[in-house]
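Protein chains in written order, with my numbering: chain Y, 1 to 431; chain U, 1001 to 1517; chain L, 2001 to 2160; chain B, 3001 to 3175.
Certain hints may be false.
Stated by the list, open to error - Covered, in the sense of this in silico footprint (three residues per stretch, anywhere, with C-beta under 8 Å from a C-beta of chain Y), are these stretches of chain U: (1) 1048–1058; (2) 1090–1104; (3) 1125–1133; (4) 1170–1178.
If you are wondering where the hints come from, they were derived from the structure by calculation, not from laboratory data.
Note that the Cβ used here is the ideal one computed from N, Cα and C, for glycine as well.
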Amino acid sequence: MEVKLLTEHYDKPEFKALVGYKKLGGYDTLKKAFGMKPKEIIEIVKASGLRGRGGAGFPTGMKWSFLPENNEPRYLLCNADEGEPGTFKDRMMMERAPHQLIEGMVISAYAVQSKKSYIYIRGEYTESYRTVEKAIREAYDGGFLGKNILGSGFDHDMDVYSGAGAYICGEETGMISSLEGLKGQPKLKPPFPAVKGYLRKPTIVNNVETLAAVKYIIRDGAQAYRKNGTEKSAGTKLFSVSGNVVRPGNYEIPLGYPLKDLIFNLCGGLKHGRKLKAVIPGGSSAPVLTADEAMRATMDYECLAQMGSMLGSGAVIVIDDSNCMVDLMKVILHFYHHESCGQCTPCREGTGWLDKIVTSIVTGHGRLQDVQLLEKVAKNMMGRTICALSDAAAMPAISFVTKFRDEFEFFVREGRSKVKKEGYNYAQMHH
Amino acid sequence: MPKCTINGKSIEVKPGTTIIQAFKEAGEEIAHYCWHPALSVAGVCRLCMVQIEGQPKLQIACNTVVADNMVITNKSEPVKDAVRWGMDFHLINHPLDCPICDQAGECGLQEQYMRYGQYDPEMAEPKQKKHKVIDLGPTVVLDSERCILCSRCVRFTEEVTKTNELGIFNRGDRSEIGTFHNKPLNNNYSYNTIDICPVGALTSKDFRFRQRVWYLKEARSICTGCSTGCNVNVYFNEEGTWRVKPVQNDKVNGYWMCDKGRDVYKFTNLPVRLTSGKTGSKDNWNLLEAGALAKDVGATIRAAARSGADKIALVITGQYSNEDYDALFQFFSVGLGVQNIYHWINNPEDMNGFDGLLFRGDRNPNTKGLVARLEKYGVKTKWLDLEDKIKAHDLTHIVIAGPENHSVFPDLETKLRLFDQVPNVVWLSAGKSVAVDGLTAVTTQIPMKTFIEKDGTYTNYAGLEQKVKRGTTIVAGALTLEEAVHLMSGEELDMNMRPLPPKYLKTNFLVHKGGPL
Amino acid sequence: MTSTFQLSEEGAAFVKRELNRYEDRHSAIIPALYRVQKENNGWVSPESVTYLSHLMDLPESEIEEVLRFYTMFNTKPVGRHHVQVCCNISCAMNGGRELADRLCQEFDVHDGEISGDGRFTISRVECLGACDKAPMMQVNDTFCEGLTEEKAIEILREMK
Amino acid sequence: MSYVVKRPSASSQWYLPAIFSGMGLTFKKMLRNLFVGDKMQTLNYPEEKYEYGPRFKGNHVLTVKKDGSVRCTACMLCATNCPAQCIKITAAEHNDPSVEKYPISYEIDILRCVFCGFCEEACPVDAIRMGPEWQSPALNGGTFNYDIQHLAYRGNLKGGIQSRVDDQERHKAGI
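Chain Y on its own, in the form it takes in the complex (with noise of 0.2 Å):
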């Protein structure tokens, strides 16, 4: 069952001005969080258990708390820089509720004691830039924003930054480079943004959805939030369903729940009673499972990880039996080889080096070590860069290879698609 929490107004689009919002409760939380101390907060975030949901779901509360105890100023940054193919919750969030992630931040920014905070929004999404941008400004003419914040004695500016077009900016140090006005390339860590970040200064990158859902712990109680979802990963998350089901679009469910439910109850199932092929649950740069696993998956950050995939950003791509794998493939290494930012030499070389070799087995040119080299490479990109892109190519194309790999010598010994329906004829592609 869908438990909406975060999304519980979204269907109104009143929800989406500020007396609309407040009508429905909101900034209601704020002024309950002016009356904790910053630490407290931190505490209760830290007992809700939440997780970053920007896709490497590192505790948040956690994060919060390495920020160094001292009076530098310090930088929230809500990364709704969405790049992940297949993700289209913050999107979603923003053009629909953006009080409601204001109103998440300011509690957040509160706690970390920070007295400015940028929302990064990736350039293609220029409504979500407008939509927040117009919330931002009702923000301060409500007294949301600004000196002395609801009298509580806490300043808070906050301002809308677009990106224009570079995956690799939805990294937090990726981000932070572009905030800074410079190529988003991800900065080396050590140090780490919550020591050095937005301007060499302590920063708190957080998502969109994290942030949002932070409104909701604050509101009702760490307890009330860990009831839904299971004991490591509390609470309920957004997942963007794409691909071949009947109802693709965007679940809040509680962690944990089935795989096979979210796609064949409340997506509707597969179109035109085709089989199920593979899932990829996280996100393009997550390792694909095979339509068996997809079946005893649960959405939660530990059993995908004990399948060898991840939760990431909550993009469920569901594949079916008319899709050829390799075509697939192709189009994901395609995607990274165009988005590596060309900082690290693994990465920048390998990406190319994997999409040509997807290339030539596409266009019918592929040796049967190819499939074999495939893998190779990808081997030796992983956790040899700054960032995690390399990685983020790497594992879907091991994945791919290890678990079709009959689909990938078919390919190059016939050079035809074992599945019946080609892929797309990239011989042929129209230039």
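Let chain Y serve as the given structure and place chains U, L and B on it in line with the hints.
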């Protein structure tokens, strides 16, 4: 002081030392491209992988600070494998045009591939095509295909010169180093980007295709282009000198040198050198062996001095070594009692100029040494006195220890016209000059050796004395100023003036190399 | 590179404002480039970068680095309408690539180039975050979702 | 060491029979050479020349590209490898960036050459080969310094021998 173990060697390092620095201190080899001691850490080549005991993932040595009791190795199989693949990733899109690449022979890719490479490349796909032979201004040629995007040059223009000409454009494997629409890279330190380029992506226009590096020998010397005295290696072979490159010396120049200093090799080469002694005047020159000529002219001067040392003037430039000056003063000031000693300052206006990094307005290597000696011998003359004396025809002889590097003496011709008014001119210089050949006075030209052909000490702007050893001989017939002065004073040259390195004295190398006879 | 580029007065004022809006002056590069692109028929020319460099007092190379890094800035002229067809995984599974081909054929234009009448530039892009309504395309700033080939052609036909 | 000297035997002291049999052989050959000339054992050098097999390592040839220009990239590996140090190359910048470097002068001092073939072996682009041609007479010393004109375009090469390594093809193949 954290202690750590590097490949089994335990060493103690300063707090805050990174692992790669510790490796260098321990004398252990480690592969790397992007790390440079004088630039910020980029951490992008991913070659300096090390394994730290207790950490599951390999770490890069350049961005990891040594902690106490760290046990670090780069000899383990996972590290070797990572480096092998790292090298392969560097090379899959590299054009491998070593035969036409100027860097071949001193190339980071060649050297490190031989040491750490995979030797069995698996890349079968077409390589990424990028721009080749891009003209980046007066000094640098860029080849994007050879570039491994280590970003050293970009960081150099950002952090050292702060001119920001270079950038990395585009992304992924389409990334290319370059300037904004090939605007020229024309700061005074641009050659340094070529030095720090570990591959042949940036090559020097001045040196390009003129020699292969393996034909060249190198000699440690100093740059005589200005009073900073940057430490350099001069590259030479039997045909002459070909280029200079900076050598690290934290007291003087760090790792860099300026573009103007790169020209110092040019005045040492045969085409611009005075190769034999000359005597006569305009259009009527007799060539003579330098030593004989020095003896002759010495006798004349000594005779003239006996009839009045005030008729003789000595003009000195700041281009010679302290030893040269000592001999000169010993002979003229002490021996002959000449009082008319003048310091020829080539560019009085910007004598104290400084560009904030290395380059100084005083374009002589040893002004400080000369000034110290002028003081020591109590010389307090002004240049204008000389001009007055010449105009009053008070002088019969003028001896000029002229410039080695004529290009930094813009006033050469004006000054020569002045000297020409003295009946007898003795011109000591390394370079040949049309202006000197046009003198109408009775002139003796004695060829001098350049800084690379002699031993000597130079005092830089800060008073630091730097000893320089002879590197090579280009004009065998030339003399050092010290030798010329000895001959002029009537003495003979003896072997002690060009002492052999002690190792040759101790062991006859024929015996040494071949065993007992 | 003979003609010189200049922003409108409001444009220049906007860039000046952006310079002070963020903590670091560099942060204004992206907004400034957006503005230039808007005023320069959808692309950023080299001379406009030089202009921005003077206006913002930042090195040209830094602006160029940013310009070339992000995909949303065009460094070549584009048609009046920039059509971006998503070809990433969810769209690819639902015919995004075929849609791009069809559009290219229909309007007789090569991928990433301007059509003969100057109306369209059609390019294939990566995920735009509308995977639930695949295939989709972005025409200028607007998302057109849940397309069929016919529907897409119809939408574009109506654009002048 | 001691030597054993064979004393002439009594029969060999009669030398006339041996002279006549020797002369007989000479005349037999002379007559045969006069009337059946194509079976002659010797050549009328220099009017006639002996052709060696194609694998003979004689005089050097610089190969050319399809457009007829010299294939050599002036990498100097041959000169470096040459034990006799008889190769002298001067490199220059080529106008075409895909060629980049080429020799403006390439000289082999053929009198110094020891015909070891190391130059051929060192060449990365099949620019220098050693051919079956071996006669190198000349009237003065300077002619023994072979330049590009001689090495690549001498008359009997008929416009040059084409190199097996083609840059343009390699570029197309993405190497």
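Hint check results:
1. Closer than 8 Å: that is the beta-carbon criterion, and the region 1048–1058 of chain U has 3 residues meeting it against chain Y, so the requirement of 3 holds.
2. Coverage of the region 1090–1104 of chain U by chain Y holds in this model, with 3 residues showing a Cβ closer than 8 Å to a Cβ of that chain against a need of three.
3. With 3 residues having a Cβ less than 8 Å from any Cβ of chain Y, the region 1125–1133 of chain U passes the three-residue criterion, so the hint holds.
4. Only residues whose beta carbon comes within less than 8 Å of a beta carbon in chain Y count, and the region 1170–1178 of chain U has 6; three or more means the coverage holds.
Checked against the numbered hints listed earlier, the structure breaks none of them; every hint is satisfied.
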